[in-house]
Every structure is written in C-alpha cells, then in structure tokens.
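Peer 1: Chains A and B are the protein sequences, given in the same order. Sequential numbering of the first sequence, starting at 17, is according to this note's numbering. Sequential numbering of the second sequence, starting at 23, is according to this note's numbering.
No lab work stands behind these hints, which were simulated from the structure alone. A portion of the hints provided could be inaccurate.
Derived coverage of chain B by chain A (criterion: at least 3 residues anywhere in the stretch with Cβ under 8 Å from a Cβ of chain A; other residues may be distant) [said to hold, decoys possible]:
hint: 1; region: 46–60
hint: 2; region: 82–93
hint: 3; region: 224–234
Calculated lysine-lysine pairs in the PhoX-like style (CA-CA distance at most 25 Å, straight line) [as the list claims (entries may be wrong)]:
hint: 4; chain 1: A; residue 1: K92; chain 2: A; residue 2: K30
hint: 5; chain 1: B; residue 1: K24; chain 2: A; residue 2: K26
hint: 6; chain 1: A; residue 1: K84; chain 2: B; residue 2: K37
hint: 7; chain 1: A; residue 1: K84; chain 2: B; residue 2: K227
hint: 8; chain 1: A; residue 1: K62; chain 2: B; residue 2: K227
hint: 9; chain 1: A; residue 1: K62; chain 2: B; residue 2: K93
hint: 10; chain 1: A; residue 1: K105; chain 2: B; residue 2: K24
hint: 11; chain 1: B; residue 1: K227; chain 2: B; residue 2: K25
hint: 12; chain 1: B; residue 1: K24; chain 2: A; residue 2: K92
hint: 13; chain 1: A; residue 1: K84; chain 2: B; residue 2: K223
hint: 14; chain 1: A; residue 1: K80; chain 2: B; residue 2: K93
hint: 15; chain 1: A; residue 1: K234; chain 2: A; residue 2: K209
hint: 16; chain 1: A; residue 1: K104; chain 2: B; residue 2: K37
hint: 17; chain 1: A; residue 1: K80; chain 2: B; residue 2: K37
hint: 18; chain 1: A; residue 1: K243; chain 2: A; residue 2: K209
hint: 19; chain 1: A; residue 1: K105; chain 2: B; residue 2: K25
hint: 20; chain 1: B; residue 1: K24; chain 2: A; residue 2: K112
hint: 21; chain 1: A; residue 1: K69; chain 2: B; residue 2: K227
hint: 22; chain 1: B; residue 1: K159; chain 2: A; residue 2: K69
hint: 23; chain 1: A; residue 1: K140; chain 2: B; residue 2: K93
hint: 24; chain 1: A; residue 1: K69; chain 2: A; residue 2: K105
hint: 25; chain 1: A; residue 1: K62; chain 2: B; residue 2: K25
hint: 26; chain 1: B; residue 1: K91; chain 2: A; residue 2: K69
hint: 27; chain 1: A; residue 1: K140; chain 2: A; residue 2: K115
hint: 28; chain 1: B; residue 1: K37; chain 2: A; residue 2: K105
hint: 29; chain 1: A; residue 1: K23; chain 2: A; residue 2: K218
hint: 30; chain 1: B; residue 1: K159; chain 2: B; residue 2: K223
hint: 31; chain 1: A; residue 1: K23; chain 2: A; residue 2: K108
hint: 32; chain 1: B; residue 1: K25; chain 2: A; residue 2: K92
hint: 33; chain 1: B; residue 1: K159; chain 2: B; residue 2: K93
hint: 34; chain 1: A; residue 1: K243; chain 2: A; residue 2: K218
hint: 35; chain 1: A; residue 1: K69; chain 2: A; residue 2: K80
hint: 36; chain 1: A; residue 1: K26; chain 2: A; residue 2: K256
hint: 37; chain 1: A; residue 1: K84; chain 2: B; residue 2: K25
hint: 38; chain 1: B; residue 1: K159; chain 2: A; residue 2: K108
hint: 39; chain 1: A; residue 1: K105; chain 2: A; residue 2: K139
hint: 40; chain 1: B; residue 1: K91; chain 2: A; residue 2: K23
We treat Cβ as the ideally placed atom computed from N, Cα and C, and that holds for glycine.
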Amino acid sequence: MNSIEIKNLKKRYKTFTLDNISLSIPKGYIMGFVGENGAGKTTTIKTMLNIVKRDEGQICILGKDIDKDEISIKSKIGYVSGNLFYPKKTLKEVTKYYKSFYDEWDEDLYLDYLNKFNLDSNKKIDELSKGMQLKYQITLALSHHAELLILDEPTSGLDPVARDNLLELFQTIIENEEATIFFSTHITSDLEKCADYVTFIKDGRIIESCSKDDLIDKYRLVNGTEKELVEVKERLIAFKTNSFGFNGLVKTIDLKENDTFKVGQPSLDDIMIYNTLRKGEAI
Amino acid sequence: MKKLIYKELGLSINKFFYILPIILGALFFIPGWIFLLVFYYFFWITVPQVYGSYLAQGDYNFMSVLPIKRKDIATSKVYSLFILEGLHLLFGVIFGLIHVWIYGSWNFFFDINLAFFGVGILLFGVFNISFLPQYFKTAHFFGKPLIFASITTLIYGFVFEFGVAKYQFMRDVFEGSIRSQSIVFVITTILGIGLSILALKISQKRMMEIDL
Numbered sequence: 017m018n019s020i021e022i023k024n025l026k027k028r029y030k031t032f033t034l035d036n037i038s039l040s041i042p043k044g045y046i047m048g049f050v051g052e053n054g055a056g057k058t059t060t061i062k063t064m065l066n067i068v069k070r071d072e073g074q075i076c077i078l079g080k081d082i083d084k085d086e087i088s089i090k091s092k093i094g095y096v097s098g099n100l101f102y103p104k105k106t107l108k109e110v111t112k113y114y115k116s117f118y119d120e121w122d123e124d125l126y127l128d129y130l131n132k133f134n135l136d137s138n139k140k141i142d143e144l145s146k147g148m149q150l151k152y153q154i155t156l157a158l159s160h161h162a163e164l165l166i167l168d169e170p171t172s173g174l175d176p177v178a179r180d181n182l183l184e185l186f187q188t189i190i191e192n193e194e195a196t197i198f199f200s201t202h203i204t205s206d207l208e209k210c211a212d213y214v215t216f217i218k219d220g221r222i223i224e225s226c227s228k229d230d231l232i233d234k235y236r237l238v239n240g241t242e243k244e245l246v247e248v249k250e251r252l253i254a255f256k257t258n259s260f261g262f263n264g265l266v267k268t269i270d271l272k273e274n275d276t277f278k279v280g281q282p283s284l285d286d287i288m289i290y291n292t293l294r295k296g297e298a299i
Numbered sequence: 023m024k025k026l027i028y029k030e031l032g033l034s035i036n037k038f039f040y041i042l043p044i045i046l047g048a049l050f051f052i053p054g055w056i057f058l059l060v061f062y063y064f065f066w067i068t069v070p071q072v073y074g075s076y077l078a079q080g081d082y083n084f085m086s087v088l089p090i091k092r093k094d095i096a097t098s099k100v101y102s103l104f105i106l107e108g109l110h111l112l113f114g115v116i117f118g119l120i121h122v123w124i125y126g127s128w129n130f131f132f133d134i135n136l137a138f139f140g141v142g143i144l145l146f147g148v149f150n151i152s153f154l155p156q157y158f159k160t161a162h163f164f165g166k167p168l169i170f171a172s173i174t175t176l177i178y179g180f181v182f183e184f185g186v187a188k189y190q191f192m193r194d195v196f197e198g199s200i201r202s203q204s205i206v207f208v209i210t211t212i213l214g215i216g217l218s219i220l221a222l223k224i225s226q227k228r229m230m231e232i233d234l
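Sequences and hints are given; from them, build the entire structure.
Peer 2: Right under this line is the structure:
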C-alpha cells in the first residue's frame, strides 16, 4: 500500500503554478522531496494536507481520500512545518491542548521522547534553540503513533551534528514505529544518508520521482574535450565548460556506444544542480 | 468543538482579556457619560490584540494540522469572540445596575436601562457582521476589517446616543416606560443575535475557501 498517492495536483498562483504533481510513497519508506528554494516543496506539502486549497488533482493518504476523510487522515499524521507556534507558552501548556485532539496519544512515549531529546517541559518554546524546537515538534508528531511523518525542511538551520542525529532518528522511527517519512529538503546530502526514494521538483513540476538508486542510474556525469562537446551538446541536460573541455549531465539512455568522452556516476547534488539549468545551457 | 474552544480560551487568548471586562465595566461609575463607549473599548483594545496574537503566535499553523474540520476553526474563533462579548455585556449589566443604584438612572445621553443593553447587544451584532466575514476572507489581515467595523459601529452608536439626547420621541421610546424599553430590548436582542449568527455562517463558509 502507498502511504501517499498524489495524482495531477495543480495549484495556480499569479506568479507560480504547481503543475501536474504526481507522486507516491510505499508504506514504511523514507522519501526525500528535493528542489531549490522556491521550487514548490512547501506549497506541495500544504496542498497535500489541504492547508492550501488545490485547483485540481486527487490526494490519497494512508489509503483514504483527503476530501472525504481529512480528520481521520490527520489524526494519523505527524506534520512538522518548522514554523514556530506559541513562542511564549511552555512545552507543558502547548502539549496539554495538543494531546486532547488525539485519541491515540501515548503519554509514556511522549515523556520518553522528552527525556531522549533532553527537552524540559517547563521551558518556553522560544527559549529552545531551533534544533530543540524541531525536536519538540517531532516529539508531538510521534507521541500519537503517527503512521506518516511529513516534515518540511527539517534539517535546514541545523548544525551538521544535529542534522546527522535527526537523520539517524528517521531510520529509528522507520524501524520501530513502522511509519513512513516524507521530508522536503534542499540539502542533497540528507538524501544520500537516509532516503529510499527521491522526488525532485523544479519550478512547480516534478522532474523525477523514483528510488534513489534508480535516480542515480538514470543519469551519467560526462566530461570531455571541446570537440566532443559539439557532438554531445544536444543530448546534455546542462554542462560546464573549463580550460580542459566540459563537464555535463546526460540521461543514461541518451548515451551511445561510440561516445568517446569519459562517463561517470553522478551524485544527487550533480543531478539537482544540472537539472535546475535549462537543457544544453552552460554554467 | 469543546476541545477547540477550550484551546482558544486557554492557549490562544491572553488571560488579561478575561479581566478587561471588569476593568472596563468600572467605567460605568463615571457619572453622566456616553456609556455605549464602554463596549467600544472591546473593539479597540481586545479585538486587535487577540487577532494580532493569532498571527504572532502562529495559531493557524498550529491548528492547520490538527485533526479538526476547517469549518470548526472559524466556529471556535467566532464562539470565543462571542464569549468575550458576553463577558463585557455581563459586567456591563452588573456595573450598570450599581451605577443606577448610586446615581439614579437619568443621563444626558442614553440612560443605563433595559433598552440600553438591548442596543448594546445589537451593537455587538453590528460589529460581528461588519468584522468577522471581512476577516475570514483571509483569516490573516484584521486591520481593514477592524477599521470598517469601527466606522460602522461608530455610526450606529452615534445614531442612538445623539438621537436620545436630541429628539424627544427617541427619548420616549428608549427611556420611556418599562414596556417600551422591553420592546426595544427584545427587538434589538433578536436582531443582534440574528446578525451574529449570520456573521458565523458567512465566516464558516469563507474559511472553507481560503488558504491557511
């Protein structure tokens, strides 16, 4: 079963359009949702959760239609937006009201996470660092046994150690809670560390949505001389020129047997950088 | 819904605004004044503070992911406003009665009597229908809706306070016998409640259409 299934999602703004977004995540996996700033990651997530009204498209979460079963779906979701709420209230006060909305709230689990993350429930939210605030939001999301965790740029603003700890936590959640995780990021190294699936969005359109290994297999990093560039230019997604020749990204299926330039495996970073440029354009 | 209202009153609205009706109610101790103004301080102090704090506290961010109906977000906020308005009216009545007991009922402007509180209930109704549907066009910007509602309610208040002071026929109707005051009270209360219910319905409908 897919935890999230989105088909042909559309949302039009005056200056931006989410165009035909389709993606799915199998239950029990981690999907990274990657794209540059302003690509439409947050809008997609908000539209998915009905926080922003969509113009077209179908959204099924945990096997249910969001239009018909929004409350039931949201009771099984943990959403971490990264936005601060009730900064002058203590963790204890916010939790008191938050938990009243969830029938499956597990107080022992909540206390366990508070302890694990060294969170003091008597502290005010704005007394916590950004990383600790995020951990508190994750604690809230996990303490009602969410089957699906949706996190909007959870790692941005965290130091490398905190980021690594968070990504490790994702793995633990998948193992212990059998949950599915969908998180957006513009830091591709996060995906290298823990994502099973990757969806890449650019200018409101999905460029790729598949398993991480398939995504890497779909592309090849190439480099060669200026003469070779002339031959391959039309097939390149984008390229960089230098004094030795060029570096570029090409789809694996576009490679030919008689190509003479060097071919290598790209990183997710390479795939994202070259894909954010127009086809055949030099950096 | 109970949980949402409980959350609104406990988490979203500062406790100071439950004490304010008592502080403002004490304004009824001023002898010979435009007593409808007591209720206007609610529009000018409480409303901008509460609706501004929804933004500052990320209240809609918090609510947008809770397992609740969109419609109920508007309903809980409107009910909470009604509760606050009710508190202002309640303390208005208590302090108004004390005023009459101390000073007697005569006032150059509108007397503190049964008709006065009926007109007060309708004042809240006029505020609700002017403010809430405009606010729930965005559930975000409250400045323009509040200016619009302030102008509407000022015109409304002026009509009654000036009318009673200037025209004998209005004094006869609003400050006449208990029977005429009761008729005014019943009519204005029904209208006030009717406008508030209409404001709630429009707010709920608009909440379904906007992006949070």
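Peer 1: Take the hints in turn and mark each one as holding or not.
Peer 2: Outcome of the hint check:
no. : hint             : result
1   : 46–60            : violated (count 0)
2   : 82–93            : holds (count 9)
3   : 224–234          : holds (count 4)
4   : A/K92 to A/K30   : 33 Å, violated
5   : B/K24 to A/K26   : 35 Å, violated
6   : A/K84 to B/K37   : 37 Å, violated
7   : A/K84 to B/K227  : 18 Å, holds
8   : A/K62 to B/K227  : 20 Å, holds
9   : A/K62 to B/K93   : 17 Å, holds
10  : A/K105 to B/K24  : 21 Å, holds
11  : B/K227 to B/K25  : 21 Å, holds
12  : B/K24 to A/K92   : 21 Å, holds
13  : A/K84 to B/K223  : 22 Å, holds
14  : A/K80 to B/K93   : 20 Å, holds
15  : A/K234 to A/K209 : 19 Å, holds
16  : A/K104 to B/K37  : 13 Å, holds
17  : A/K80 to B/K37   : 40 Å, violated
18  : A/K243 to A/K209 : 38 Å, violated
19  : A/K105 to B/K25  : 18 Å, holds
20  : B/K24 to A/K112  : 14 Å, holds
21  : A/K69 to B/K227  : 14 Å, holds
22  : B/K159 to A/K69  : 14 Å, holds
23  : A/K140 to B/K93  : 30 Å, violated
24  : A/K69 to A/K105  : 30 Å, violated
25  : A/K62 to B/K25   : 24 Å, holds
26  : B/K91 to A/K69   : 14 Å, holds
27  : A/K140 to A/K115 : 18 Å, holds
28  : B/K37 to A/K105  : 13 Å, holds
29  : A/K23 to A/K218  : 17 Å, holds
30  : B/K159 to B/K223 : 13 Å, holds
31  : A/K23 to A/K108  : 40 Å, violated
32  : B/K25 to A/K92   : 18 Å, holds
33  : B/K159 to B/K93  : 13 Å, holds
34  : A/K243 to A/K218 : 31 Å, violated
35  : A/K69 to A/K80   : 18 Å, holds
36  : A/K26 to A/K256  : 34 Å, violated
37  : A/K84 to B/K25   : 22 Å, holds
38  : B/K159 to A/K108 : 33 Å, violated
39  : A/K105 to A/K139 : 8 Å, holds
40  : B/K91 to A/K23   : 23 Å, holds
Figure legend: structure checked against the earlier numbered hints; hints not met, in rising order: 1, 4, 5, 6, 17, 18, 23, 24, 31, 34, 36 and 38.
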